[in-house]
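Participant: Residue numbers (numbering that gives the first Met the number 0), protein chains in the order written: chain A, 0 to 273; chain B, 0 to 208; chain C, 0 to 220.
Just so you know, these hints were derived from the structure itself, not from any lab. From a predicted model like this one, the values you see are computed outputs, not experimental measurements. Misleading hints may appear alongside valid ones.
To be verified - Within a straight-line C-alpha distance of at most 27 Å, the following computed DSS-like cross-link-like pairs (lysine-lysine) qualify: (1) A:K239 <-> A:K9; (2) B:K12 <-> A:K239; (3) B:K12 <-> A:K9; (4) B:K83 <-> B:K12; (5) B:K68 <-> B:K83; (6) B:K148 <-> B:K174; (7) A:K2 <-> A:K12; (8) B:K130 <-> B:K68; (9) B:K83 <-> C:K4; (10) A:K239 <-> A:K12; (11) A:K12 <-> A:K224; (12) A:K9 <-> C:K216; (13) B:K83 <-> B:K176; (14) A:K9 <-> B:K148; (15) C:K4 <-> B:K176; (16) C:K216 <-> B:K148; (17) B:K83 <-> B:K174; (18) B:K83 <-> B:K130; (19) C:K4 <-> B:K12; (20) B:K148 <-> B:K176; (21) B:K148 <-> B:K68; (22) A:K9 <-> A:K224; (23) C:K4 <-> B:K148; (24) A:K2 <-> A:K224; (25) A:K239 <-> A:K2; (26) C:K216 <-> C:K4; (27) C:K216 <-> B:K68; (28) B:K12 <-> A:K224; (29) A:K12 <-> B:K176; (30) A:K224 <-> A:K239; (31) B:K83 <-> C:K216; (32) B:K176 <-> C:K216; (33) B:K68 <-> A:K2.
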Amino acid sequence: MWKWINSFAKPEKAYWLCDVLQNWFAVVAIASLSVGLVWGLGFAPSDYQQGDSYRIIYIHVPSAILAMGAYVAMAIAALVGIVWQWRTAYMFMVAIAPVGAVMTLISLFTGSLWGKPMWGTWWFWDARLTSQLILLFLYLGVISLYTAFEDKQQAGKAAGVMAMVGVINIPIIHFSVEWWNTLHQGASITKIGKPSIALEMYVPLLVCILGFAAFIGWVTIIRMKNEIILRDLHRPWVAKRFGGAEFASVDVGGAKLSDAENNDKQSLKSGGND
Amino acid sequence: MRVLLAQQVACEKSDRQLFSDINIELHSGQLLYVTGENGAGKTSLLRILVGLSQPAAGYVEINGHDCHKVVHGASERLLYFGHKQGISQLLTATENLRFWCQQHAIDTNDEAIHAKLAELGLTGLEDIAVKNLSAGQQRRVALAKLWLKTDANIWVLDEPFTALDVHLIAELESKMKVFLNAGGAIVMTSHQVLNIDYPMSNLHLEYSW
Amino acid sequence: MVALKAVFLKDLALAYRQRAELMQPLMFFVLVITLFPLAVGPNLETLQRIGGGVIWVAAILSLLLGMERMFRDDFADGSLEQYILSPTPLYMIVVVKVFTHWLMHIVPLFLISPLLAVFLNLTMDMYVALMLTLLLGTPLISFVGAIGVALTVGLHRGGVLLALLLIPIFIPLLIFATSAIESASMLLPYHPQLAIIAALLLFSVALSPMAIAYSLKVSQN
Chain A
0 MWKWINSFAK PEKAYWLCDV LQNWFAVVAI ASLSVGLVWG LGFAPSDYQQ GDSYRIIYIH
60 VPSAILAMGA YVAMAIAALV GIVWQWRTAY MFMVAIAPVG AVMTLISLFT GSLWGKPMWG
120 TWWFWDARLT SQLILLFLYL GVISLYTAFE DKQQAGKAAG VMAMVGVINI PIIHFSVEWW
180 NTLHQGASIT KIGKPSIALE MYVPLLVCIL GFAAFIGWVT IIRMKNEIIL RDLHRPWVAK
240 RFGGAEFASV DVGGAKLSDA ENNDKQSLKS GGND
Chain B
0 MRVLLAQQVA CEKSDRQLFS DINIELHSGQ LLYVTGENGA GKTSLLRILV GLSQPAAGYV
60 EINGHDCHKV VHGASERLLY FGHKQGISQL LTATENLRFW CQQHAIDTND EAIHAKLAEL
120 GLTGLEDIAV KNLSAGQQRR VALAKLWLKT DANIWVLDEP FTALDVHLIA ELESKMKVFL
180 NAGGAIVMTS HQVLNIDYPM SNLHLEYSW
Chain C
0 MVALKAVFLK DLALAYRQRA ELMQPLMFFV LVITLFPLAV GPNLETLQRI GGGVIWVAAI
60 LSLLLGMERM FRDDFADGSL EQYILSPTPL YMIVVVKVFT HWLMHIVPLF LISPLLAVFL
120 NLTMDMYVAL MLTLLLGTPL ISFVGAIGVA LTVGLHRGGV LLALLLIPIF IPLLIFATSA
180 IESASMLLPY HPQLAIIAAL LLFSVALSPM AIAYSLKVSQ N
């Protein structure tokens, strides 16, 4: 079994897996999101305290939870990449990072939208929003670090270390921000999501969470396929699969290059000795 | 005695494969001369052999220790001389070498270090900050390590003759010959033609287009 | 042991020969703190309220500025390669280097802090809390920060990226440290906050050396 799992370290096999999973994720995402969002935004009962403005939680809560989840997934991929040297793990990291960052943005934006009717301001420093903001910075840090390196294998390792440092810090940040919040604002306000939620509101929320998760999976798979092709452009399996005149004379260990790649080689040469 | 073993070593830089399936077996008293154009991967290969860079695939062993599992274990009797000189610009030559000897558990004192520096033509320059020396002089300070780590049994030298004058090149070559005759092994790259009267094997890296 | 002591003495010697450079983060620290009375007005009560936070933020920023030199020169001149290839494990060398760096940067900070406490009208209790939190918290900044430094040492414009990476990580420390100072200002006990900072410190000193060593090797690649 380990051999089968290890085979996914090869980009070609990982690409095959992405192909297989892509449509399933798409179907689940579209189905769950349409059902969940319509149900939650349209048909779930109004909240007796907040009226209809609470409905934003059907977007806010899934995006907030999954932004955190995506970061954890990214960190696990980083661990796999660093410990077992899987190239595909780094590719997964690259694929999911911007998706997670956008999820965090969505949660911040919808959280802010929610705040206006609740507290009358566009931004409020409550524990969850503050944690999400810091999570966004953690994402941006990992992404910036990755783009700063030219050698993408090295970039993956560096960004991976940062992702793992971040994931260890997330519970610490969460706890400290919550504590900071109770210290400075008193206990009355931090009730978002804490009170027991009625079943008729809860079920569409679960459906939305599933939908968002599937959506993240779908987009990540598409991005991952892209990343695999981009990184493995010069390998024979890519040529065989996507064939075409430019790739006609590819072989292992080196390639006849089109003019664009020639320029790339020139800069490699003039960059000094290896 | 087998000093260096490399099996199916492959190297990738920026997603391009530089070389693959490199196999090397080096025994005491052998000299391996690695050649190739600029950019072919000579420095990358040497760095993989000593354990500074991770190979894309393959296994490297020095004196029986896996180079990439426990780098400091494998490098106990290794001497690596790379593009970067490995000496601090703000310290003097003596301080640099004294520090290096302390790092490598070499028992020595300042007189011995001064003597070695004198051998390399650096008399009078021992106590100036290295940054005030010329490039060639700095190179010589760095090379003094070869004279100081006497228990090393493998030297990995990346273009050691750079910035040296003819006289010093000859001296280094004779030093290398003495080392080889005493049972040391050397892996080296160079742009110059080697004038060592000693049997050598050659590994040529092609720059693949 | 001899090797580690040698690393310590070498870094001290290098720091001494670059002492002008060492002064810069310190001056930055003082300048940033000076900006606040200028920005929010000299009302002593306001300054006392924000004082602990201001000094801590300035300390984090100034330490971040000074952190870059931890591995920069060793990376550039090849000493780092020689460290990796020396008989002493890299993670031990790293602990000594980070400790020495912390010492070099924190001692001047400590010496100047009474002045800054006066600038911001801190009470004696607040000042003691500040010193204790700095004592426990700054090594944490150095050790965890060193991971970021090690990752960015090979990059050309690593400075701002370093801050971007590390500031979110330091937020918990900032929260607990400033809370301790605030408790001190109200004459309340602040052992819990100190204990948490100490726990974070122990945690990071235990785990970071391996992470720093690995990051240095990644940068070497």
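Participant: Each hint needs a verdict: does it hold in this structure or not?
Facilitator: Status of each hint after checking the structure:
1. For the given pair, A:K239 sits about 16 Å from A:K9 by alpha-carbon distance, which is consistent with the 27 Å threshold.
2. The hinted pair formed by B:K12 and A:K239 meets the criterion: a straight-line CA distance of about 23 Å does not exceed 27 Å.
3. Simply put, B:K12 and A:K9 have alpha-carbon atoms about 17 Å apart, close enough for the 27 Å limit, and the pair holds.
4. Between the alpha carbons of B:K83 and B:K12 the distance comes to roughly 19 Å, so the proposed pair stays at or under 27 Å and holds.
5. With a CA separation close to 24 Å, the supplied pair B:K68 and B:K83 stays within the 27 Å bound.
6. Pair hint B:K148 plus B:K174 holds up; C-alpha atoms about 13 Å apart against a cutoff of 27 Å.
7. Of the supplied pair hints, the one linking A:K2 and A:K12 holds, its CA atoms being roughly 12 Å apart against a limit of 27 Å.
8. This hinted pair does not check out: B:K130 and B:K68 have alpha carbons roughly 35 Å apart, beyond 27 Å.
9. With a C-alpha separation of about 24 Å, the suggested pairing of B:K83 with C:K4 holds against the 27 Å cut-off.
10. Only pairs whose Cα atoms come within 27 Å are accepted, and A:K239 paired with A:K12 is accepted, the gap being roughly 14 Å.
11. Taking the CA atoms of A:K12 and A:K224, the gap is near 11 Å; set against the 27 Å cutoff, the hint holds.
12. At roughly 24 Å between alpha-carbon atoms, A:K9 and C:K216 fall within 27 Å of each other, so this suggested pair holds.
13. In summary, the hint linking B:K83 to B:K176 is supported, as the alpha carbons are separated by about 24 Å, within the 27 Å threshold.
14. With a C-alpha separation of about 43 Å, the suggested pair A:K9 and B:K148 falls outside the 27 Å cut-off, and the hint is violated.
15. Of the supplied pair hints, the one linking C:K4 and B:K176 is violated, its CA atoms being roughly 36 Å apart against a limit of 27 Å.
16. Only pairs whose Cα atoms come within 27 Å are accepted, and C:K216 paired with B:K148 is accepted, the gap being roughly 24 Å.
17. A threshold of 27 Å between alpha carbons decides the hint, and for B:K83 with B:K174 the separation of about 21 Å falls inside it, so the pair holds.
18. About 14 Å separates the Cα atoms of B:K83 and B:K130, which keeps this hinted pair within 27 Å; it holds.
19. For the suggested pair C:K4 and B:K12, the alpha carbons sit about 37 Å apart, so the restraint of at most 27 Å is broken.
20. Proposed proximity of B:K148 and B:K176 is supported: the alpha carbons are some 16 Å apart, at most 27 Å.
21. Our distance criterion of 27 Å between C-alpha atoms is met by B:K148 and B:K68, whose separation comes to about 24 Å.
22. A distance of roughly 13 Å separates the Cα atoms of A:K9 and A:K224; the hinted pair therefore holds under the 27 Å criterion.
23. For the hint linking C:K4 to B:K148, the alpha-carbon distance of about 20 Å falls within 27 Å, and the restraint holds.
24. Between A:K2 and A:K224 the alpha-carbon distance is near 22 Å, which keeps this suggested pair within the 27 Å criterion.
25. Between A:K239 and A:K2, the direct Cα distance comes to roughly 25 Å. Compliance with the 27 Å bound is thereby established for this hinted pair.
26. For the hint linking C:K216 to C:K4, the alpha-carbon distance of about 22 Å falls within 27 Å, and the restraint holds.
27. With a C-alpha separation of about 12 Å, the suggested pairing of C:K216 with B:K68 holds against the 27 Å cut-off.
28. With a CA separation close to 21 Å, the supplied pair B:K12 and A:K224 stays within the 27 Å bound.
29. Taking the CA atoms of A:K12 and B:K176, the gap is about 51 Å. The hint is violated against a cut of 27 Å.
30. Of the supplied pair hints, the one linking A:K224 and A:K239 holds, its CA atoms being roughly 16 Å apart against a limit of 27 Å.
31. The suggested pairing of B:K83 with C:K216 holds, with an alpha-carbon distance near 15 Å, which does not exceed 27 Å.
32. For the suggested pair B:K176 and C:K216, the alpha carbons sit about 33 Å apart, so the restraint of at most 27 Å is broken.
33. For the proposed pair B:K68 and A:K2, the alpha carbon gap of about 22 Å is at most 27 Å, so the pair holds.
Violated hints, listed in ascending order, are 8, 14, 15, 19, 29 and 32; each of the other numbered hints is respected by the structure.
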